[in-house]
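Student: Please arrange chain V on chain E, whose structure you already have, making use of the hints.
One line per chain: the protein sequences are E and V, in this order. Numbers 24 to 344, taken from the working numbering, label the letters of the first sequence in order. Numbers 24 to 344, taken from the working numbering, label the letters of the second sequence in order.
Calculated directly from the structure, the hints in this document are not laboratory data. Any given hint could turn out to be false.
Copies of one chain are not kept apart here, so a pair can be met inside one copy or by any two copies together.
[What the hints assert, rightly or not] Cross-link-like lysine-lysine pairs, in silico, PhoX-like; alpha carbons within 20 Å at most:
hint, residue 1, residue 2
1, Lys116, Lys342
2, Lys251, Lys204
3, Lys233, Lys173
4, Lys116, Lys173
5, Lys251, Lys233
Listed below, chain by chain, are the residues.
There are 2 protein chains.
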Amino acid sequence: MTPKQVTAFAPATVANVACGFDVLGFALEAPGDEVTARLRADIVAASVIITSLSGGEGIEFDGIPLDAEHNTAGKAALSLLQAANAPFGVELKIRKMMPAGSGMGSSAASAGAAVVAVNELLRLNGIRHFTPMDLIPHGMEGEAVASGSKHADNVGPAITGGILLLRGYNPLDAVEIPVPKRLHCAVVRPHIEVATSMARSLMPKEIPLKTAIMQWGNLAGLIAGLMKEDYALIGRSLNDVVAEPVRAQLIPGFHDMKRAAMAAGALGCSISGSGPSVFALTDSLEAAQKAASAMEAALRPYNVDCTEYVSKLWGTGPKLF
Amino acid sequence: MTPKQVTAFAPATVANVACGFDVLGFALEAPGDEVTARLRADIVAASVIITSLSGGEGIEFDGIPLDAEHNTAGKAALSLLQAANAPFGVELKIRKMMPAGSGMGSSAASAGAAVVAVNELLRLNGIRHFTPMDLIPHGMEGEAVASGSKHADNVGPAITGGILLLRGYNPLDAVEIPVPKRLHCAVVRPHIEVATSMARSLMPKEIPLKTAIMQWGNLAGLIAGLMKEDYALIGRSLNDVVAEPVRAQLIPGFHDMKRAAMAAGALGCSISGSGPSVFALTDSLEAAQKAASAMEAALRPYNVDCTEYVSKLWGTGPKLF
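Next comes chain E alone, as it looks inside the complex (with noise of 0.2 Å):
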């Protein structure tokens, strides 16, 4: 009997990284969110329906749309199933565990659990799949659905796993960076919204060379340290000169959150993707459940609400149930 459902998982991811600035992300093993993929052979073929829409406690779900093209999740299916030239339909329950615009890749997470499913349904069929570099693509058309614009550094490692550099777009060239095997990371995330679109408007159109050259400086040595497993350079890259300086106004108690997980041990501390998430990087899970304690405790005075996840980074590939 050919299997008719499947379950993937896809992660919360990273962005940007401190140094990496629209090329680098990476992903947690938790939190994330899942997809069911069901082929329907009753609707028109390679079009997509949505019938459910969940998620964890307290995670609102206002103003997702259910209609396949409006949703992160069904347009990355939809692109994903015409280029498969699927001769079959697909329904899909999502699993939501982040809200939006928390910085931490929640919409990239939906889309990339739901190329990962349905790839995964097709290769089950016996239809045209892909590898999970070739579904990125797919994944950027349902993040375009969110935010406007086709970036690939939250659903890239969302769907791929591990540290996702990517080096450039014409045409889109994701490079796998090995995953330290100490490296924890701690996310505090404070529960307001920071719209990425107003995180975006921040940024100035262009930067000092001076600054440039530092902020490319780290990263180079970001990537070195990484691939060196060499702790100590990882730490030292992590600063971003670009960014941060402009958008941590939008993070109550951003700093005070820095210099207490800084002061708890941490490699380096900065914002998830456009906020208002903060992540800190540690080389042992000690260290990341002490970085995200201390970030709490220096937040609370702020009294903004929050939610601590401290992970692995989720070396391995598409997860699917």
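Tutor: Relative to the frame of chain E, chain V by itself:
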């Protein structure tokens, strides 16, 4: 008997390496400068006298001062002798194989050879001496005499060999990047001079953020490519969208040379340092020879003489005689 004399070789270097403006450099096997340091107990302690400046065929030395304070090799040696609190003075003999203003790190090769030779003299005489990494700041003192600014993207790899990333300068953070086994380099040096100060003055004070993102995406890709020994990725990453577009005009026939190198199979081709030398990286000796010939032929219609160099990257540390 304690040795009284040491000769050291330091190689030509290619700084910037397309996308690594101001932060990346690598060493060639040849050409390079040689400096002989001789212990002189009969002059002021920790002082330097230069008694000879000679060089290869056709290498001009007009304008290179012989007093140590204003000579790159002399100043670098002075800085090192003072840091070591040397109880003796040193006499230097300098043999230059590249003219100044060539974009091949001529002053860095002299400064690098000087500190390596003097350091060995210190070691052999039981005086405090330094690791190659710790010699770099003294080499930079020499570089500052020639260019007016302290930078290490030439003198760093001239001293350590290999590929060196200068992540930052406060404090100096030099990161060794492993040299891919098959990597070769072709350099064509047109017989014209480009003053570093002139090349610097062309650089804009600010650059578009989008341009900066392209540059750091490429640099991150280049570091990953070098460390993965992924020659195709190295090739895709060797793009300079910041300096090359404004500096190409200083080099007659640059675009024709680049086109010729790429057509001959080079991984990438750009300006060496601030020019006028042009370098191409390849994945074999044969390809480097072809690229050098193709660039030379492309330059011929411009009626500019040139010298070609084909070399492996110089992977090992200081060379002593």
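Student: For which of the previously enumerated hints does the structure constitute a violation, in increasing order of number?
Tutor: 4 and 5
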